[in-house]
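Undergrad: Sequence:
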Amino acid sequence: MALTTHHRAAVRRARSRVPLLVLLAAAACGPGSTDVPQPADVIGFDPGEDYKLADYSQITAYFEALAASSDRVILEEIGRSTLGEPLYIAMISTPGNLSRRERYKEIARTLAYARGVSDEEARALADEGKAIVWIDGGLHATEVAHGQVMPEMARHFATDESAETQRIRENAILLLMVNMNPDGLDIVADWYRSNVGTEFETASVPELYHHYIGHDNNRDWYMLTQVETQAVTRQLYHEWFPQIVYNQHQSGPFPGRIWMPPFENPVNPNLDPLLVSSLNQMGHSMRKRFDVEGKPGVSSDIVYDLWWNGSMRGGPDFHNMLGFLTETSLYRYATPGCYDEIPESFSARAGGIPARTPSTNYNNPWEGGCWHLRDAMDYMMTAAIAVADMGAKLKDEYLFNIYWMGKRQIERGERAEGGPFAYVIDPEASHDPGTAIELLRLFHKSGIEIHRAEEAFSVGGSTFPAGSYVIPPQAFRPYVVDLMEPKTYPDRRQYPGGPPEPPYDMTGYELRYQLGVAASNIDSPFEIPGAPIRNETDIRRAMEWSDGPALGDGPWLLPPSQNASVALVAALLAEGASVSRSVGGATPAGTWRITGVDPERMAALAAGHEVPVRAQDSANGDFVPVAMPSIGIYRSWQAPMPEGWTRWVLDQYDLPWENLWDEDIRTRDLSDFDVIVLPAQSASGIKNGHAPGSMPEKYVGGLGEDGSRALQRFVADGGWLVAVDDAVDFALEEFRLPFRNPVGGLSSSEFFLPGSIIRLEVDTDHPLGWGMDSEAVTLFARSQVLTAQGAPRGGPGAGGSSSAACFGEAGDYMVSGWALGGDEHLAGRTAAAQVGFGEGQVVLFGFTPHFRGQPRNTYKLLFNALFASATDGLPNASGLGCS
Numbered sequence: 004m005a006l007t008t009h010h011r012a013a014v015r016r017a018r019s020r021v022p023l024l025v026l027l028a029a030a031a032c033g034p035g036s037t038d039v040p041q042p043a044d045v046i047g048f049d050p051g052e053d054y055k056l057a058d059y060s061q062i063t064a065y066f067e068a069l070a071a072s073s074d075r076v077i078l079e080e081i082g083r084s085t086l087g088e089p090l091y092i093a094m095i096s097t098p099g100n101l102s103r104r105e106r107y108k109e110i111a112r113t114l115a116y117a118r119g120v121s122d123e124e125a126r127a128l129a130d131e132g133k134a135i136v137w138i139d140g141g142l143h144a145t146e147v148a149h150g151q152v153m154p155e156m157a158r159h160f161a162t163d164e165s166a167e168t169q170r171i172r173e174n175a176i177l178l179l180m181v182n183m184n185p186d187g188l189d190i191v192a193d194w195y196r197s198n199v200g201t202e203f204e205t206a207s208v209p210e211l212y213h214h215y216i217g218h219d220n221n222r223d224w225y226m227l228t229q230v231e232t233q234a235v236t237r238q239l240y241h242e243w244f245p246q247i248v249y250n251q252h253q254s255g256p257f258p259g260r261i262w263m264p265p266f267e268n269p270v271n272p273n274l275d276p277l278l279v280s281s282l283n284q285m286g287h288s289m290r291k292r293f294d295v296e297g298k299p300g301v302s303s304d305i306v307y308d309l310w311w312n313g314s315m316r317g318g319p320d321f322h323n324m325l326g327f328l329t330e331t332s333l334y335r336y337a338t339p340g341c342y343d344e345i346p347e348s349f350s351a352r353a354g355g356i357p358a359r360t361p362s363t364n365y366n367n368p369w370e371g372g373c374w375h376l377r378d379a380m381d382y383m384m385t386a387a388i389a390v391a392d393m394g395a396k397l398k399d400e401y402l403f404n405i406y407w408m409g410k411r412q413i414e415r416g417e418r419a420e421g422g423p424f425a426y427v428i429d430p431e432a433s434h435d436p437g438t439a440i441e442l443l444r445l446f447h448k449s450g451i452e453i454h455r456a457e458e459a460f461s462v463g464g465s466t467f468p469a470g471s472y473v474i475p476p477q478a479f480r481p482y483v484v485d486l487m488e489p490k491t492y493p494d495r496r497q498y499p500g501g502p503p504e505p506p507y508d509m510t511g512y513e514l515r516y517q518l519g520v521a522a523s524n525i526d527s528p529f530e531i532p533g534a535p536i537r538n539e540t541d542i543r544r545a546m547e548w549s550d551g552p553a554l555g556d557g558p559w560l561l562p563p564s565q566n567a568s569v570a571l572v573a574a575l576l577a578e579g580a581s582v583s584r585s586v587g588g589a590t591p592a593g594t595w596r597i598t599g600v601d602p603e604r605m606a607a608l609a610a611g612h613e614v615p616v617r618a619q620d621s622a623n624g625d626f627v628p629v630a631m632p633s634i635g636i637y638r639s640w641q642a643p644m645p646e647g648w649t650r651w652v653l654d655q656y657d658l659p660w661e662n663l664w665d666e667d668i669r670t671r672d673l674s675d676f677d678v679i680v681l682p683a684q685s686a687s688g689i690k691n692g693h694a695p696g697s698m699p700e701k702y703v704g705g706l707g708e709d710g711s712r713a714l715q716r717f718v719a720d721g722g723w724l725v726a727v728d729d730a731v732d733f734a735l736e737e738f739r740l741p742f743r744n745p746v747g748g749l750s751s752s753e754f755f756l757p758g759s760i761i762r763l764e765v766d767t768d769h770p771l772g773w774g775m776d777s778e779a780v781t782l783f784a785r786s787q788v789l790t791a792q793g794a795p796r797g798g799p800g801a802g803g804s805s806s807a808a809c810f811g812e813a814g815d816y817m818v819s820g821w822a823l824g825g826d827e828h829l830a831g832r833t834a835a836a837q838v839g840f841g842e843g844q845v846v847l848f849g850f851t852p853h854f855r856g857q858p859r860n861t862y863k864l865l866f867n868a869l870f871a872s873a874t875d876g877l878p879n880a881s882g883l884g885c886s
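Just so we're aligned: the sequence shown equals residues 4 to 886 in our numbering.
If you are wondering where the hints come from, they were derived from the structure by calculation, not from laboratory data.
Check each hint, because a few of them may be wrong.
As the list claims (entries may be wrong) - Under the rule of at most 20 Å between Cα atoms (straight-line distance), these lysine-lysine pairs were calculated in the PhoX-like manner:
| hint | residue 1 | residue 2 |
| --- | --- | --- |
| 1 | 108 | 410 |
| 2 | 396 | 291 |
| 3 | 701 | 690 |
To be verified - So the derived label-pair ranges between C-beta atoms look like this:
| hint | residue 1 | residue 2 | range |
| --- | --- | --- | --- |
| 4 | 671 | 339 | 40 to 48 Å |
| 5 | 468 | 617 | 13 to 21 Å |
| 6 | 99 | 493 | 48 to 56 Å |
| 7 | 338 | 361 | 29 to 37 Å |
| 8 | 348 | 277 | 38 to 46 Å |
| 9 | 276 | 812 | 32 to 40 Å |
| 10 | 826 | 599 | 48 to 56 Å |
| 11 | 524 | 716 | 47 to 55 Å |
| 12 | 79 | 687 | 40 to 48 Å |
| 13 | 842 | 341 | 52 to 60 Å |
| 14 | 881 | 599 | 27 to 35 Å |
Backbone N, C-alpha and C define an ideal beta-carbon position, used for all residues, glycine too.
Can you build the whole structure from these sequences, using the hints too?
TA: See the structure below:
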């Protein structure tokens with residue numbers, strides 16, 4: 004888990020810059036000072052020049068200099084990146100507005116929550132307040148223009164003296180997020196600089212450009228797994244409550260030069276209609292500025308829909324904030340690209356827009372030519388100024404409308420429209436109470452009002468114990484309902500009877516199901532008990548943790564149903580405890596048994612991990628010893644995001660791991676490992692990797708035949724291989740296992756399940772299913788299906804196989820989302836299997852049990868597979884009879 008050279012350099016840069024802000028602040032000048040530097044004065048060149056990229060130290064050095072030279076700019080650190088870089092926002096407005104920023108924050112908060120305010124009071128607050136406009140850059144680091152344009156954008160808003168910009172500063176406070184992913188910026192800048200002028204100048208970055216999750220840092224905005232996401236979320240829903248959240252991207256539908264709202268259909272039914280019309284208004288205003296300036300190639304109404312909640316621009320929409328993105332065209336990095344005249348017959352990707360004939364959503368076509376980084380930045384400047392101008396011109400409207408939408412959502416909740424009046428969550432009612440606590444903490448991070456009942460109460464015919472939580476009607480109700488209630492995504496086709504129109508991302512994704520939380524929907528109004536939670540630490544389980552003497556001297560038992568038990572077991576193994584697991588008898592299968600640790604230490608660790616511990620009684624059952632598995636994670640130079648997510652999940656539970664690259668698998672002694680994980684990646688990607696000539700030689704190729712044979716020897720000699728999602732095809736092909744993937748070659752017109760929540764039937768007596776709920780769910784996202792073909796049954800020993808989980812039956816497999824061909828090709832089939840191979844085992848997961856760090860209810864499937872590789876005496880399980 005050592006840092007790469009890029010990462011060490013990033014940490015050094017972060018540490019070396021800390022004093023700079025202090026030194027420059029002493030030289031602060033007035034707002035009209037000619038001493039305000041140009042970006043080139045600090046960076047050494049103008050960002051936007053061909054073949055040059057500024058790194059994060061250069062970008063932040065400019066922002067520090069700008070803040071030190073202008074009293075219209077305040078630079079504030081809001082957190083640290085995964086690799087230790089400071090995360091900054093630049094507040095830009097008049098000096099007077101900035102000096103009263105706490106008052107304007109309070110106005111924005113009051114209007115956003117919309118509780119205890121009359122319409123007249125809200126209008127007065129809107130008149131007093133300032134529009135809070137968020138604009139960010141750098142989220143996707145390979146989309147370089149929005150990271151490079153931020154210094155220029157900040158200087159414009161701070162120093163330009165046109166009437167328009169003066170009005171913006173007077174009526175708005177701009178929050179410019181300097182860079183959402185500084186670690187990725189440095190990785191990309193270093194990679195590009197190392198290849199400029201070579202044949203690999205535009206080659207793909209061979210590592211994830213976010214340490215853990217790469218491009219998926221824009222898929223994390225309700226799960227909030229990453230520190231960068233958490234830092235921004237605090238600003239949005241606890242500090243500033245902006246009415247406008249503008250998220251810049253750079254990969255629009257070709258041949259258009261920039262995409263902007265209005266969005267594509269469908270619209271999520273939980274969104275307030277006023278939000279949708281306001282987004283349309285914003286998009287049309289932006290387009291008009293491009294037409295005034297003669298900048299062609301603006302497209303809209305295609306590709307990007309308003310359904311999914313999990314993106315940076317999506318989450319704010321469900322908080323009644325105008326969250327939207329633009330997608331500006333890019334070539335590669337700072338290298339210009341030239342295109343011949345676009346043919347008349349060409350249609351824009353995924354939209355069917357005529358390339359050269361004006362239309363309502365592509366009214367000024369771009370007809371080709373050369374495209375530079377500077378061009379993309381110019382388009383971004385036009386878009387940002389248009390957004391800020393709208394925020395300033397209509398600041399009263401935006402401030403009042405967020406109140407109006409919030410008020411309407413509270414009233415809808417009180418009438419139980421589109422969802423219940425309230426949700427009641429007793430954590431102890433969930434299969435894994437810890438995941439219920441996680442869900443509540445996630446909601447609190449996202450600004451959701453939650454009450455904790457200090458006494459038992461009855462409502463809706465049920466009695467709930469003290470320590471239960473209530474989520475009442477509130478302004479941000481769309482966010483809550485969207486993540487709690489199942490949805491049916493509309494069946495949309497490219498043409499009647501044709502292939503489906505793909506959604507932008509997921510169609511069903513509710514955290515209630517992914518985390519396996521038992522919640523009660525209460526439709527009738529009742530008096531909400533308790534007080535609102537103020538601090539995340541106040542969300543906890545309603546139980547007293549035993550002290551050392553109360554636990555006795557051991558042995559102790561930990562519940563297999565709780566994910567947190569895995570982290571506690573990891574801590575205990577690290578301290579030399581002896582651990583075993585139940586394989587039957589009076590104790591539930593998979594129960595953890597602990598000996599060899601001081602009782603006081605055991606009590607402290609159990610309380611810290613929020614895991615209940617009980618002393619073992621005389622009915623002790625049968626137990627088999629468990630060691631900490633030695634885990635290898637295959638890491639390809641194609642840098643698939645599931646590999647990074649796997650590292651992240653294991654790090655959260657303190658499970659040690661080591662990356663294995665292609666050469667490692669071909670040449671190392673793999674007997675050092677108990678288990679090797681193949682994260683989701685295509686069979687071709689694993690075996691062949693990057694094509695020769697497409698990358699520097701170090702990064703081409705995959706495992707090849709030698710690597711495949713090395714994995715076969717590893718398993719035949721007693722190792723375990725865990726193949727996840729796409730990687731099951733590699734395992735099936737290379738190990739010639741007695742399963743096949745019946746959906747592998749199907750077209751999207753035959754089988755299409757882009758991202759939905761699907762029922763699982765789990766064998767809880769199977770070692771892979773220990774601690775699981777027998778009725779679970781999984782997030783199936785273009786995943787795989789398994790069916791046995793002549794496989795010997797009777798357990799995975801001696802070449803046998805077993806199915807640990809099946810997908811739900813026909814007509815009942817769908818929980819939320821949409822599928823095409825699911826009854827025919829998925830229902831009742833094997834979802835997870837175990838196959839003996841020589842002395843070892845191959846575990847096949849047709850789906851990803853830890854997809855994007857979200858489905859906590861299936862984490863145990865992965866953990867069980869890992870620990871099984873280091874457990875002696877596991878029983879053979881016959882498994883389920885999946886079709």
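Undergrad: Compare the structure with each hint and give your call.
TA: Hint by hint, here is what the structure shows:
1. About 19 Å separates the Cα atoms of residue 108 and residue 410, which keeps this hinted pair within 20 Å; it holds.
2. Of the pairs offered as hints, the one joining residue 396 and residue 291 holds, with about 15 Å between alpha carbons and a cut-off of 20 Å not exceeded.
3. Between the alpha carbons of residue 701 and residue 690 the distance comes to roughly 15 Å, so the proposed pair stays at or under 20 Å and holds.
4. Under the hint 40 to 48 Å, the C-beta atoms of residue 671 and residue 339, about 43 Å apart, fit the expected range.
5. Checked against the hint of 13 to 21 Å, the C-beta distance between residue 468 and residue 617 comes to roughly 19 Å, which is consistent with it.
6. The hinted window of 48 to 56 Å between residue 99 and residue 493 holds, with their beta carbons roughly 49 Å apart.
7. Checked against the given bound of 29 to 37 Å, the beta carbons of residue 338 and residue 361, roughly 30 Å apart, stay inside it.
8. Between residue 348 and residue 277 the beta carbon distance is about 40 Å. The supplied range of 38 to 46 Å therefore holds.
9. For the pair residue 276 and residue 812, the beta carbons lie near 38 Å from each other, so the given range of 32 to 40 Å is met.
10. In this structure the supplied range 48 to 56 Å holds for residue 826 paired with residue 599, their Cβ-Cβ distance being about 52 Å.
11. For residue 524 and residue 716, the Cβ-Cβ distance of about 54 Å falls inside the hinted range of 47 to 55 Å, so the restraint holds.
12. Range check, residue 79 to residue 687: Cβ separation about 47 Å, and the 40 to 48 Å hint holds.
13. About 58 Å separates the C-beta atoms of residue 842 and residue 341, a value consistent with the hinted range of 52 to 60 Å.
14. Distance hint check for residue 881 and residue 599: the Cβ-Cβ separation is about 34 Å, which falls inside the suggested range of 27 to 35 Å.
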